[in-house]
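If you're matching them up, the sequences are chains A and B in order. Okay, so the first sequence: first residue is 0 according to numbering that gives the first Met the number 0, each after it adds one. Okay, so the second sequence: first residue is 0 according to numbering that gives the first Met the number 0, each after it adds one.
Hints are computed from structural coordinates only; laboratory data are not their basis. For glycine and all other residues, C-beta sits at the position ideal for the given N, C-alpha and C. Some hints here could point you the wrong way.
[Unchecked claim] Estimated spans, in silico, between C-beta atoms of each pair:
id	chain 1	residue 1	chain 2	residue 2	range
1	A	ARG157	B	PHE57	29 to 37 Å
2	A	GLU416	B	TYR146	23 to 31 Å
3	B	ALA108	A	LYS447	37 to 45 Å
[Claimed, not checked] 30 Å max Cα-Cα, derived DSS-like pairs, lysine-lysine:
id	chain 1	residue 1	chain 2	residue 2
4	B	LYS176	A	LYS212
5	A	LYS329	A	LYS398
6	A	LYS376	B	LYS176
7	B	LYS50	A	LYS408
8	B	LYS50	A	LYS201
9	B	LYS172	A	LYS212
10	B	LYS150	A	LYS212
11	A	LYS201	A	LYS165
12	B	LYS172	A	LYS380
13	B	LYS150	A	LYS408
14	B	LYS10	A	LYS165
15	A	LYS380	A	LYS212
16	A	LYS212	B	LYS50
17	B	LYS102	B	LYS10
18	A	LYS409	B	LYS172
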Amino acid sequence: MRIHTRIAKPFITTLVLVLAVWLIALPLLEKSAYQKASATGEPVDLSLVHNAAFLISLTGLVIGLYISLLHTSRYVDDLKTLTRAAEELGEGKYQEINLAPMQNSLLEIRELREALQKTAEQIGDQFTAISKERAMLSAVLGQMTDGLLIADQNGRVRLLNRAAEKLFAIEEKEALDRSIVEVVRHHRLVELWEDTRNGPAKTITMEIGSMHKYLQVVGIPLGEELTGRSMLLFQDLTQTHRLEVIRRDFVSNISHELRTPMAGLKALSETLLDGALEDPTVARSFVVRMDSEVDNLIQMVNELLELSRIEAGYLIFDFLQIEPCMLIQKAVDRMMLQAERAGLTLSSNCPTDLPSVFADPERIAQVFINLIHNAIKFTQKGGWIQVSAYQDGQMVVFKVSDNGIGIAKKDLTRIFERFYKADRARSGGGTGLGLSICRHVVEAHGGKIWAESVENSGSDFYFSIPAVYLENHN
Amino acid sequence: MSRFTLDQEIKLVQDEMLLLGSLAEQAILNSVDALRRRDVAAAKGINLEDKRINDKRFAIENHILIIFATQSPLAHDLRVLAAMLEIITELERIGDYAKGISKVAIRLADDDTPIPIREISAMADKATSMLHRALGAFVSEDLSAAYAISKEDEEVDEQYRTIYRKVVQNMIKNPEKIDHADQVLWVIHNLERTADRVTNICERIVFVVSGELLELDNTDDEDKEA
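Whenever a hint applies, use it, and build me the whole structure from the sequences.
Written out as structure tokens, the structure is:
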């Protein structure tokens, strides 16, 4: 039933009742009063009739109004429930809206209830979808390695992702609403932001602050939907930049290293051609020097090839189970003559109860020779070099000590980099590759290489190799 | 004018001061980098940058004076503005130190004599890091950071003394390189002074927060320079 008939019905009933009293009951009552009067001859007294009619209609009216009140109040309650639900919807409490079906209610009210319930569910769905999307977006923002900052037209920071938090050492909640200057603290970044706010996207590369971070920064205006906002995207190129610097140094180093023996060779051959060839003793000494220069060159090229092979992982190791003392003895024997020539005492000290190691004897000999060779080079005449070994947990540690010039603290960690020379003036003809090769060989064995040193009183080089524990050893 | 605009004006000046700080910080780092790379062009660029620093300093000073004249700031606002007036002078001086280092970089560009550049870089990194954090502490009015940063000046002094000894030893060993060594001493002197200026900035932070004018640098300047 439609709402207007529903609400009108009790009124109409009341009206019909009252009209019926006045139109039908009243004439009938009056008629019977006249008949009674004519029969008895008494004067007509209509007041009683009128009073009765008035009372009846009044009662009808009251009853009708009461019924209509009862009738409508149920609908009013329903409407109130719906109004409250609509208000809750506005407050965002869409989850709390759960309207009971109003089966006895009016069609309109039932329709309204259904519409409201549906809206609440749809809003719920949309909210879930949006929050899922948000979670996805914030996961992307949080996990991306590039820093990201969004600032509005007035230069207030509106968004800062985790990478950017780290870059500028500030938390997002601290940074929000602050000026971009306060957050990024660098004039070039602020200039970039000013440029992109008023113009097209732009990219710059820069080094930032005392941390020497090397950044590529892209400034992007965010366009029509977010007018005035622009985004700065920070890519940390520190690592790439560092590699680039290493590569540049490498090329310049190797050119330099190759040029020196080449220049020596050229000078010697020119002197020979200019007449020294005629003097056999001079010529011979020249050719001997040329030969040693060529040896230097060959060694350097070989080491370079070796290093590139190791670094590329092409080198094949031939691992054997072997006694540590045998490794030491072999190396010491091989280097004894060189040490004696340099006026140094080379000795070894190897406890016999060490466990065997799993190693490629040739490669380990190479490591020893490199380390002993360095010790010879950096120890003054009359000094000593000692090679020893000891067990440290699961590892056997080999040690090459000398009482030479030592290594400055700042150089200790860098000497294993290729081409690194702590003291160019004193390192003489070395290639700067030896220790780098040692490191690769030791690491391929599953060990570590390190150095300790006190300047002017000597150096200790250590490397460790895993010991072999046989099943029946215990 | 209302309080709201005074707050805004102070924030604007503060941002400008931070930008000036960034210019000074980068100038120091760039000058040491130019020294390392023997890059004359980069060193000359720092001279131009110094002009920019000076201009910016005057612009900020002007801005602060206008605020004084038109807004009559009181109490905390007055201290912040007065402190910034002082700090921009310190920053401008730091810019001059960078210019001094870049001049040395130009003079030494053709000289192959080794410079203890790694130690000098470490010193510049330390001093600029102090500067960066001190200005941050000014903005956030972080009193404990101000005290901590001014303490770090001692580390820079120690770095200074270490390099100083090394350079002087080289002077004794190679008297013909005294001119070169003298230039290097100039560089580390400028870096050491930079850190001293940062200590002055820290004093201003204490002033803003507590209203007290304290001397945070315990060593006497004359002692240090002797």
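Against the structure, the hints come out as follows:
no.	hint	in the structure
1	A:ARG157 - B:PHE57: 29 to 37 Å	33 Å, holds
2	A:GLU416 - B:TYR146: 23 to 31 Å	39 Å, violated
3	B:ALA108 - A:LYS447: 37 to 45 Å	41 Å, holds
4	B:LYS176 - A:LYS212	35 Å, violated
5	A:LYS329 - A:LYS398	15 Å, holds
6	A:LYS376 - B:LYS176	28 Å, holds
7	B:LYS50 - A:LYS408	40 Å, violated
8	B:LYS50 - A:LYS201	26 Å, holds
9	B:LYS172 - A:LYS212	38 Å, violated
10	B:LYS150 - A:LYS212	26 Å, holds
11	A:LYS201 - A:LYS165	23 Å, holds
12	B:LYS172 - A:LYS380	23 Å, holds
13	B:LYS150 - A:LYS408	25 Å, holds
14	B:LYS10 - A:LYS165	25 Å, holds
15	A:LYS380 - A:LYS212	46 Å, violated
16	A:LYS212 - B:LYS50	26 Å, holds
17	B:LYS102 - B:LYS10	35 Å, violated
18	A:LYS409 - B:LYS172	22 Å, holds
In terms of the numbered hints stated before, the structure departs from hints 2, 4, 7, 9, 15, 17, listed from lowest to highest.
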